[in-house]
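Undergrad: With chain A fixed as given, assemble chain B onto it according to the hints.
Number of protein chains: 2
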Amino acid sequence: MAMTQLQEMGRRAKEASRSLGAMSSQRKNEALGAIAARLEAEAESILEANRLDMEAAKLAGMSPSLQDRLLLTEERIYAIARSVREVARFPDPVGKVLSGGVNPNGMRVRKVSVPLGVVGMIFEARPNVTVDSAVLCLKSSNACILRGGKEAIRTATRLEEVMRSALEQAGVPADCIQLVKDISRNSAAEMMRLNQYLDVLIPRGGAGLIRSVVENATVPVIETGTGNCHVYVDASADLEMACRIVDNAKTSRPSVCNAIENVLIHRDVAEMFLPMMKKALDQHQVQLRGCPETVRILGDCVIPASPEDYDTEFLDYILAVKIVGSAKEAIEHINLHGTGHSECIVTRDYENSQRFVSEVDAAAVYVNASTRFTDGGEFGLGAEIGISTQKLHARGPMGVEELTSYKYIVEGDGQIR
Amino acid sequence: MAMTQLQEMGRRAKEASRSLGAMSSQRKNEALGAIAARLEAEAESILEANRLDMEAAKLAGMSPSLQDRLLLTEERIYAIARSVREVARFPDPVGKVLSGGVNPNGMRVRKVSVPLGVVGMIFEARPNVTVDSAVLCLKSSNACILRGGKEAIRTATRLEEVMRSALEQAGVPADCIQLVKDISRNSAAEMMRLNQYLDVLIPRGGAGLIRSVVENATVPVIETGTGNCHVYVDASADLEMACRIVDNAKTSRPSVCNAIENVLIHRDVAEMFLPMMKKALDQHQVQLRGCPETVRILGDCVIPASPEDYDTEFLDYILAVKIVGSAKEAIEHINLHGTGHSECIVTRDYENSQRFVSEVDAAAVYVNASTRFTDGGEFGLGAEIGISTQKLHARGPMGVEELTSYKYIVEGDGQIR
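Line by line, the protein sequences give chains A and B.
Per numbering that gives the first Met the number 0, the first sequence starts with residue 0, numbered consecutively.
Per numbering that gives the first Met the number 0, the second sequence starts with residue 0, numbered consecutively.
The shape of chain A in the complex, shown without the other chains:
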């Protein structure tokens, strides 16, 4: 039976991943350096490809904020190249002895970190994700198969060519980095079931994409990035601080997953807090969608919230507001409606703070700090390939360590059991 194009890519990726597993840190870092240098040297041809994508996007009526995500500039390309050089400076996550010892029968057992093998990524239109994913995989000795959005296909194709030629120049198999050119539903569906070649599949994008991958994939998946995040303002909160945190978590960058979509307010402070919060958010024209009590307090400027609003990741200047009677009720609301990403309590009450961090089921729980800190860089992982919202394998920001597995190596002299 003839192989499909994707199976053939998988076969080549698997083969390339074998040579990566045994590759020295130095060789990998030289390849990363070559990628950075080539990106800079080829900036003009990359920008030319990006211009074609941008023209098509404008013709297709893409929204300005999405256009901004698609756009590359010379400055952005240089920033990408800098981040590639930063990844090269990370310690090598592969080949570390995680534990080990000598068994009573004399066998030497050690647990050693190894690459996952071949990583599949399905993502949307941001060109930098193409490079970020490829270099984090390379650093962790994984081959990767990347499938981006069709809006960025010309840019991504050019970035792939540039990276592959850099790999060849550094003596690393070019098939360590492969881009899927056939951006059809079929190619996504086939990737989700490419168990023979893919060791893991990481979807990065909107809730619809993530759901579709979780529903349909037989390849092991790491869910990332859906963030229906909350700030809970406790009865004992420093209301000035709560205001600063809500404002920062909502408006500093509304389109990212660690931005909040909801604020829960204890009834005892709602009358005082709501006008303060509204005043701060009005500076960014944030639309409020509130429960009946919120509407009663703030009046007509608040849109009555529908039940769906509490389950929606707006990624926009919109905030759902709900008044609750206790920290317990806030925790229950969060565990029911949250996506397990980042959750915050603002409080001066010790017991409530401890209860919140213990009972809220999320990758990152905050006391008196903005949810916007959930980020690989902020948590000391260097760059990140995504933020996991599941509990298996990795939770929260995933860096190069999270792209590894381990194996047990047992050396004996004839031991039997």
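Do not rely on the hints blindly, as some may be mistaken.
[Stated by the list, open to error] Here are the computed lysine to any residue pairs in the SDA-like style, where the Cα-Cα straight-line distance is at most 20 Å:
#1 Lys13(B) x Ser357(A)
#2 Lys95(A) x Leu97(B)
#3 Lys95(A) x Gln353(B)
#4 Lys13(A) x Glu331(B)
#5 Lys327(B) x Arg17(A)
#6 Lys13(A) x Leu335(B)
#7 Lys13(A) x His336(B)
#8 Lys110(B) x Gly376(A)
#9 Lys180(B) x Leu51(B)
#10 Lys13(B) x Glu331(A)
#11 Lys95(B) x Ser357(A)
#12 Lys110(B) x Gly375(A)
#13 Lys13(B) x Leu335(A)
#14 Lys110(B) x Gln353(A)
#15 Lys13(A) x Ala173(A)
#16 Lys110(A) x Gln353(B)
#17 Lys327(A) x Arg17(B)
#18 Lys13(B) x His332(A)
#19 Lys13(B) x Glu328(A)
#20 Lys13(B) x His336(A)
#21 Lys95(B) x Gln353(A)
#22 Lys327(A) x Arg11(B)
#23 Lys327(B) x Glu331(A)
[Said to hold, decoys possible] Beta-carbon label-pair distances, calculated as ranges:
#24 Gly324(B) x Gly207(A): 50 to 60 Å
#25 Arg26(B) x Met2(A): 52 to 62 Å
#26 Ser18(B) x Glu214(A): 26 to 36 Å
#27 Glu307(A) x Asp412(B): 30 to 40 Å
#28 Gln195(B) x Gly207(A): 13 to 23 Å
#29 Ala36(B) x Glu270(A): 55 to 65 Å
#30 Arg26(B) x Ser325(A): 21 to 31 Å
#31 Asp412(B) x Arg81(A): 28 to 38 Å
#32 Gly324(A) x Gln195(B): 20 to 30 Å
#33 Glu74(B) x Glu7(A): 48 to 58 Å
#34 Gly99(B) x Glu307(A): 31 to 41 Å
Simulated from the structure, these hints should not be mistaken for lab results.
Just so it is clear, CB atoms sit at the ideal spot from N, CA and C, and this is done for glycine as well.
TA: Frame of chain A, contents of chain B only:
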């Protein structure tokens, strides 16, 4: 919409898991002690339930080796109770600070181990798995929903009753341990898609069960226990040692996943090794299925191997044999046909040993020792809930540590980004 029975079990498990998350180690260990004591005190009623299962199994014509897996005796119950007390003595895997520090902005960030939440197990007819799974979950603060095989349903139901009454006696919610009584295909299919309540699903059993779960589950799965394992006898091998290792790995317990199903032999030593190996395996009437060269050397006593034989987990006194031309060819064969469980090279050649452990893609790779050592006890994890053959989350034997995730706890005093 009315909840199904399984949804209702899921809801109760989720609720019980919340109280487990904050439970002290001492309380959990007391509950484990109560379970052990109850199992011993109720031995007679458990044996009575088991007798009914055994009678039905005999009537249904179950094979003697499967009957032996289903059978409980007083001695076996006492052994199970002892292993429960052993689990109680393990260190608590939950609440450990895995890393942490103070960020430049003064926020205190720590990464703390937490339970997975609710663990679903789908397994077959071994009654001890019911208890092992439940107590390992309890130790790691996870609630569990167990679905065993219908052949053991009376035994499993009685074991569940005994364990739940012990939990109640110790002041722990009984719903931490729940058994699915409806052993239909429907209940298995529903469990595989119970994402709202199950945090992970662990299938334990034959290749067919595992495949079905991987194909159909939307809940994150940890694949376990399919072991198509190999011993490769290198040209430089100590042939006496190779003989001992092959014999032990095949015949000491053929029905388990770390037993070998294949032996690969370097051509240079095949003429000398095959008769030695046959003589040892003849003592256990092991059937050999060989490649044409093997048949030529050993003659008619060898059945010609079909291509499927190299992909079959016999779990029986059957061994597939193949002669290869190099360590490289052996490694390629193993990476193509193995299931990523346990693989062994017998060699005196340093370079081949290093190449084998580096290039063979499996949970455990052995030099000069039997694959039968792949086991939670042998690797120092205490008891095990299964042996993972995937690379995400956990690989190889999984103990209580592997039943945990982690969360980031961030404490600040108003930091914004």
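Undergrad: Verify the proposed pairing of Lys13(A) with Glu331(B), using a straight-line Cα cut of 20 Å.
TA: holds (12 Å)
Undergrad: Holds or violated: Lys110(B) and Gln353(A), Cα atoms, limit 20 Å.
TA: holds (15 Å)
Undergrad: Hint check: Lys180(B) vs Leu51(B), CA-CA at most 20 Å. Holds or violated?
TA: It holds: about 16 Å lies between the C-alpha atoms, which stays within 20 Å.
Undergrad: Could you say whether the range 48 to 58 Å given as a hint is met by the Cβ separation of Glu74(B) and Glu7(A)?
TA: With a Cβ separation near 57 Å, Glu74(B) and Glu7(A) satisfy 48 to 58 Å, so the hint holds.
Undergrad: Kindly confirm whether 31 to 41 Å is satisfied by the beta carbon distance between Gly99(B) and Glu307(A).
TA: holds (38 Å)
Undergrad: Has the given pair, Lys13(B) with Glu331(A), been kept, meaning a C-alpha gap of at most 20 Å?
TA: Distance of about 12 Å is within 20 Å: holds.
Undergrad: Can you confirm whether the C-alpha distance between Lys13(B) and His332(A) stays at or below 20 Å?
TA: holds (15 Å)
Undergrad: Is it true that the CA of Lys110(B) sits at most 20 Å from the CA of Gly375(A)?
TA: Judged against 20 Å, a Cα distance of about 13 Å means the pair holds.
Undergrad: If you draw a straight line from the CA of Lys13(B) to the CA of His336(A), is it 20 Å or shorter?
TA: This hinted pair holds, its Cα atoms lying about 15 Å apart.
Undergrad: Does the structure keep Lys13(B) and Ser357(A) at a Cα separation of 20 Å or less?
TA: Status holds; Cα separation ~15 Å.
Undergrad: Within 20 Å, alpha carbon to alpha carbon, are Lys327(A) and Arg11(B)?
TA: holds (18 Å)
Undergrad: Can you confirm whether the C-alpha distance between Lys95(B) and Ser357(A) stays at or below 20 Å?
TA: holds (13 Å)
Hint check: a violation occurs at hint 23 only; the rest are consistent with the structure.
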